[in-house]
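Generate the whole structure from the sequences, applying the supplied hints.
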Amino acid sequence: MADRPNRRVKLFALNEYKQWDYLGSGNVTSVASESQGLFLVVRSESSGTQILESEVLPDTPYQRQKDTLIVWSEAENHGMALSFRNSESCYETWEAICRVQGRDPSVNVTQDLLDDLEEEIDETLETDDLDELPNCELSKLKQIANLVTSAFSSPLRRRRLALVLENETYIKKLLQMLHSCESVGYTEGLYHLHTIIKGIFFLDKTALLDILFSEECIMNVIGCLEYDPAFDQPKKHREFLTQNANFKEVIPITTCKLRQRIHQTYRVQYIQDILLPTPSVLDENCLSALKTFIFLNKMEIIHMLQSDDKFLPQIFEQLKDKTIDNDKRRELLFFLKEFGSFAQVLKPRSKDALFKTLTQMGILPTIKVIMSLDDYQIKSSAIDIFAHLVEHNPSVIREFLLEEEQQNEKGSLLINLIIKQMICDTDPEKAGALHIMGLLRFILDPENMIAMPQKCERSKFLNFFYKQCMHNIIVPLLATTSEDIFEEGHILGDDINSRYCLRALRLMRRIIGLKDEVYNCYIIQGNLFEPVVNAFLNNGTRYNMLNSAVIELFDYIREENIKSLLTHVVEKFYKTLEWIDYVQTFKNMKIKYEREKERKRQKSLNSLQNSKRARDLEKNKVSYKGDKENLEEGHSGMRPMESDFQDDYDISMEIENTTKNEDKVNVPKRTSSGDIKFTYSHSAGDANGTDNPMRLVDYSDDDEEEDKEDEAKFRKRPHFNP
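Following our numbering, the numbering of the sequence shown begins with -4 at its first residue and continues without gaps.
It should be emphasised that the hints constitute simulated quantities derived from the structure, not laboratory data. Worth double-checking, as some hints may not be accurate.
[As the list claims (entries may be wrong)] Keeping only pairs whose Cα atoms sit at most 16 Å apart, straight-line, the calculated EDC-like set for lysine to aspartate or glutamate is: (1) K323 with E312; (2) K455 with D511; (3) K351 with D304; (4) K567 with E589; (5) K315 with D369; (6) K570 with E525; (7) K305 with E244; (8) K243 with E326; (9) K13 with E69; (10) K510 with E554; (11) K137 with E183; (12) K342 with E386; (13) K286 with D205; (14) K582 with E547; (15) K200 with E161; (16) K252 with E210; (17) K462 with E400.
[Stated by the list, open to error] Derived CB-CB ranges, DEER-like: (18) P423 with N321: 22 to 30 Å; (19) N458 with D320: 39 to 47 Å; (20) K342 with I445: 21 to 29 Å; (21) T536 with K342: 58 to 66 Å; (22) D322 with A225: 37 to 45 Å; (23) E400 with K342: 28 to 36 Å; (24) Q106 with K342: 52 to 60 Å.
Note that beta-carbon positions come from the ideal geometry of N, C-alpha and C, so glycine has one too.
In structure tokens, the structure reads:
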């Protein structure tokens, strides 16, 4: 039997995470049990089903708080709470509980509650006002805005508000009030709408974003965010999106869903980038649901385009058509660039599948056609697309380039067209050239090349590159042999060729730094030091970046003792460079070369001497007995060992004489060497700063004091030669 009329309450339960869950609202009734006890029964207000039946036992701890809340713990980690609409109904139920437990109803605690219930109960009370939000009326906008703002005071209130707002109808009614406020000029109401919608974003719930970004609601969401109270005048974002940011279909999109998803993604990205504040470092994850929404949309767009067997092939076909106008080609390239940027969000496996599809559809031949055109900006866009492919899988690029060579397309290789773009960069900052240099370095990096018995990229591709491309790389360096590109009194000068020369020299220095004999062999066979030496000589005695870079290159070869290059430089270029005495670089290279040559000669000599001694010892073993008898009988003559020493002495004297004769040979003056033609812009006298004939330098290995004097002289040399 019910001893009192029905009373409206809200029911809460403590979950395993020590948080209060809302179970619903209904009417509570106190029902007597057969054992003179009492049951608290709550039936749902909406469905009439029973959502609570709890027996009031003598040892169950109960507590009444703030005149409208009764809390109890039926067992450990199992707390329950009833929140009453008014204090009278709460007190009547409290009297019934105290009567069963034999307590005075004036007390607020029958027994001590668990600590968890006491700590969380105040926060639970604060969520009572979020059970039902005010009606969507102009007069209630301020109240709704305050409720949304207050929800961020605790995680529980925020979760509760998000749960209530999942009612799709309520958010749509809120957004419709935008037009009502604008029509009557209710500015304060528009500010409240901005606060409400912005707060819904920061609840960070995907279910709410699905409502906000629906085709019916998204433009109203943008309209609400226009009225930021921080600005005196609203921003016209809707006008921009509908009139200025017109959607262009470079290729007709036949799938309606794809078109809608592209529109939605663009607008959501606009909201994130323009309308919402940039989260601080501490709050960088507060809009994670929004970022996830955009990510999933981009993935869906990519998969839909990838599965369309006509869309992408049509783009590549039109890009390769040289008859289309440049405006159309720019639009197509812009789409591909954006498509490549979208692809960066894919997981590795999905990205592999996408780029494999693009390669099969012919994206690389398409880029090659674009790179053969005359429009520099269009080619720069193609480089951006090419960069996505290189960064993802350089092996695919190398494989395509090798296939080109087999098709006898040496004059129009894609890699050479890209190198030409680098050399012809017109940007004063050389941003495009630096970008291409980075791509080339990545393609040529042996560390990311496949090295397996059945496929060895390293030797095959590098052999191709040095045969077909290296001469294009060093074009700027070769150009310096025919013109003086540095101005007097400048480190670098304004001539564009000086920068190209230094870049080519930097690349060569990087290659030599690998200490790879395969590279060294290409340098020697291709006589690639000739343009370096010519550029150095044409530069004269000016102390600038080119001068320092060349000297550092040769110093590095000597210090690291790269024997093949050291020998090549000394034997082929020393007679041309021996006049340079303001640094010890070339003199020291010659000394190191002679010492190595002497070491090899001495090693060969020792080997011959050891062989001769071995043969003599064998002979001595046979004749030793007879020699001993001869000595005992008083026979005179040289002993075998003395004879050996005499032979050694004769041989060493012969070598010494030979060496002395070589040292006496006069070193020729600076002229062109052998089969190489060198051009000079300065005479020997000019190079030394005097009109005196060029003097020869003594490069004796033992002259240590002269070396020290020369080094001191070099250290005193000024940094700039006026």
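Verification of the hints:
Between the alpha carbons of K323 and E312 the distance comes to roughly 13 Å, so the proposed pair stays at or under 16 Å and holds. For the hint pairing K455 with D511, the CA-to-CA distance comes to about 15 Å; that is within 16 Å, so the pair holds. At roughly 14 Å between alpha-carbon atoms, K351 and D304 fall within 16 Å of each other, so this suggested pair holds. With a C-alpha separation of about 14 Å, the suggested pairing of K567 with E589 holds against the 16 Å cut-off.
For the hint pairing K315 with D369, the CA-to-CA distance comes to about 14 Å; that is within 16 Å, so the pair holds. As the CA atoms of K570 and E525 are separated by approximately 13 Å, the hinted pair is consistent with the 16 Å bound. At roughly 14 Å between alpha-carbon atoms, K305 and E244 fall within 16 Å of each other, so this suggested pair holds. Distance hint between K243 and E326 is fulfilled; the C-alpha atoms sit about 9 Å from each other, no more than 16 Å.
Only pairs whose Cα atoms come within 16 Å are accepted, and K13 paired with E69 is accepted, the gap being roughly 15 Å. About 12 Å separates the Cα atoms of K510 and E554, which keeps this hinted pair within 16 Å; it holds. For a cut-off of 16 Å, the pair hint linking K137 to E183 stands: about 9 Å separates their Cα positions. For a cut-off of 16 Å, the pair hint linking K342 to E386 stands: about 15 Å separates their Cα positions.
Taken as a hint, the K286 and D205 pair is honoured in the structure, with Cα atoms around 13 Å apart against an allowance of 16 Å. Our distance criterion of 16 Å between C-alpha atoms is met by K582 and E547, whose separation comes to about 14 Å. At most 16 Å may separate the alpha-carbon atoms for a hinted pair to count; K200 and E161 meet this at roughly 9 Å. Restraint check for K252 and E210: satisfied, since their Cα atoms lie roughly 12 Å apart, inside the 16 Å limit.
For the hint pairing K462 with E400, the CA-to-CA distance comes to about 11 Å; that is within 16 Å, so the pair holds. A beta carbon spacing of about 24 Å between P423 and N321 agrees with the range 22 to 30 Å that was offered as a hint. For the hinted restraint 39 to 47 Å between N458 and D320, the CB-CB distance of approximately 41 Å keeps it satisfied. With their beta carbons about 23 Å apart, K342 and I445 fall inside the hinted range of 21 to 29 Å.
Under the hint 58 to 66 Å, the C-beta atoms of T536 and K342, about 60 Å apart, fit the expected range. A hinted range of 37 to 45 Å for the beta carbons of D322 and A225 is consistent with their spacing of about 40 Å. Range check, E400 to K342: about 34 Å between beta-carbon atoms, so the 28 to 36 Å window is met. Restraint check, Q106 to K342: a C-beta distance of roughly 56 Å satisfies the suggested window 52 to 60 Å.
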